[in-house]
Amino acid sequence: MAKSRGIERRTLLIGGAAVAAGVLCGAAALPLAAQADVLRPPGSLPEDEFMARCIRCERCISVCPTDVLAPLTVEQGVLAVRTPFVTFAADSCTFCDECRKVCPTAAIGTVDPYQPALGRIGVAVVEPDRCVAFDQAGTCGVCVDACPYEALSFDEGRRPVVEAEKCNGCGECVKICPANVLTSFSGGSQRGINVLTTKQYAERSAS
Amino acid sequence: MNPEKGPQQGRAIRRARTVTLLAVFVAVIVSLAFDSGLGTPSSFGIGEFFLLCPLGGLEALLASKALIPVTLISLAVVAVGALLLGRSWCAWGCPAPVIRRFFKREPKFEGLGSGEGPNACAAGHPTDALATEDEGAGNGGKPQGCAAKTAVRSLWRDRLAHAGRDPRTWTLVAVLVAALIAGFPLFCLVCPIGLTFGTVGSLWHLIVDKQMTFSVLVFPAALLVELVLYRKWCMNLCPIAGLLNLFGQFAQFGRPRINEATCLRADGTPCTACTAVCSERIDMHDADGAIQLGDCTRCGECAKACPTGSITFALKAQGEDRPAVAPTAEEPVAG
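Protein sequences, first through last, are from chains Z and B. Numbering-wise, the first sequence is residues 1 to 207 according to the numbering used here. Numbering-wise, the second sequence is residues 208 to 542 according to the numbering used here.
Since the hints were derived computationally from the structure, they do not count as laboratory data. Just so you know, not all the hints are guaranteed correct.
[Stated by the list, open to error] Derived coverage of chain Z by chain B (criterion: at least 3 residues anywhere in the stretch with Cβ under 8 Å from a Cβ of chain B; other residues may be distant):
1. 13-26
2. 79-88
3. 96-102
[To be verified] Here are the computed lysine to any residue pairs in the SDA-like style, where the Cα-Cα straight-line distance is at most 20 Å:
4. Lys101/Z / Gly252/B
5. Lys417/B / Lys101/Z
6. Lys101/Z / Val284/B
7. Lys272/B / Pro46/Z
8. Lys166/Z / Ala137/Z
9. Lys101/Z / Phe241/B
Even for Gly, the Cβ is constructed at its ideal location relative to N, Cα and C.
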């Protein structure tokens, strides 16, 4: 049995080293876990919970019928790479619920698009230096017409205003905003209206 | 018995494996193209019916410190599959062996017992080897007399000892501890399967959405470091293999069997053809061959390589006809 005890000792040593390695790696990654500040799929759990559950299977990305979900790239965050984020470059979110249904770890929950206070993708914010209507009043208002949730209206100068409590961040206004194209001669690729994360929105409102 | 049957079967299994792996890649791309949500091997299915990576699922449960019902259900189904088919995933679904083979970086065969240091009995007479193997290497079996005490307790002890000797068991432990401490599935970041389909996805987004990102370069680079630069990932490090090995001990379906009458070892020829091509370096002739077969990936290479065609695969689990030089060395395991 001397030999078998030798194996036991070796096993204990390797086991201890493995646990120590796990603790070390885990502790090193701990402060960096929930750092990505990006738009998550509708109904996503709070960022730390979302990161705890997402196994980067990209199933939500593959099921999204409007293709607004994409995997985070290494540039956007090494530790959050391949987790899903929402981009409105080509289309908007219809709250079809498909991403929630296919998530194998329930990192995405239900959301009522008419109750943004209970959960939203983000909040749309008009960029005065990019919006065409701010440049020449009355020339554009496509976003106001496009908003499916009547969260956009005109102010007295016929410039778009977002009612944050109605906005769920669906991105329809971003998708339709022509500022990117209309002002392309002056450079820049930003649109006149963008959806910010709730964190970014809070920071912008505070400043 | 037809001596060509084994190699034929081995070749057929290799073909079938290529087809299944191709089907996996096609499914991933179809899923991206048609928004069908089939997903990737990390989680795949139709709508709300899906399976998920058992390691990713466990990591998510530990990291979130929550019992997620959908995850638990899927994990239970995957566990049943693993109990039936063991490590089959590794040869049939995982892209890692194919990537390594493409770069011709398959680990070299270093003789019997390579995983556990030199084995003095490697080239010896098999009959002697069986009797003395336990002195030769840590990997070796027990003396016949000891193994003949077919108590359930000893079988469990052997299984535990086998898992304890396997470094992948400990990678698994490290990975689960890391997920628990970090609060997110850390291993998913470096998982070769994730990186492979991450590469496929990023290439897709590059070509279709014109999304320029360094992911296209970083993912395959990491993959090459893991699989090509370090050629023993599957053998020494993969925690998924470590996890499936634990189930593989109970998986009696689809294991290879040796026809002792035609095997060269029967007349003392020190043939190691089957072990040399085995990705797990399983020595079916060893006294603890049945325990070692818990790591079998059902790749069929041994059947293909056997010079006398003495190895065949049977889908059905068979108690008495299991591979072992000495049938008394193991008790029939109730399935």
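- Message: Next pair to validate is Lys166/Z with Ala137/Z; report whether the Cα-Cα distance is within 20 Å.
- Response: violated (24 Å)
- With a cut-off of 20 Å on the C-alpha distance, tell me whether Lys101/Z and Val284/B pass. holds (18 Å)
- Task: Compare the distance between the alpha carbons of Lys272/B and Pro46/Z with 20 Å, and conclude whether the hinted pair is satisfied.
- Result: holds (15 Å)
- Query: Regarding the pair Lys101/Z and Phe241/B, is the alpha-carbon distance no greater than 20 Å?
  - Reply: It holds: about 17 Å lies between the C-alpha atoms, which stays within 20 Å.
- Restraint status (C-alpha distance of Lys417/B to Lys101/Z at most 20 Å): violated (28 Å)
- Message: Checking one constraint from the list: CA of Lys101/Z to CA of Gly252/B, max 20 Å. Satisfied?
- Response: holds (11 Å)
- Quick check: the region 79-88 of chain Z, covered by chain B? Criterion 3+ residues, Cβ under 8 Å. It holds: at least three residues are needed, and the region 79-88 of chain Z offers 3 whose Cβ sits within less than 8 Å of chain B.
- Message: Can you confirm whether chain B covers the region 13-26 of chain Z, using C-beta to C-beta distances below 8 Å and requiring at least three such residues?
- Response: It holds, with 10 qualifying residues against the three required.
- Stated coverage of the region 96-102 of chain Z by chain B [criterion: 3+ residues, CB within 8 Å]: holds (count 3)
Going down the numbered hints, you'll see the structure goes against 5, 8, while the others check out.
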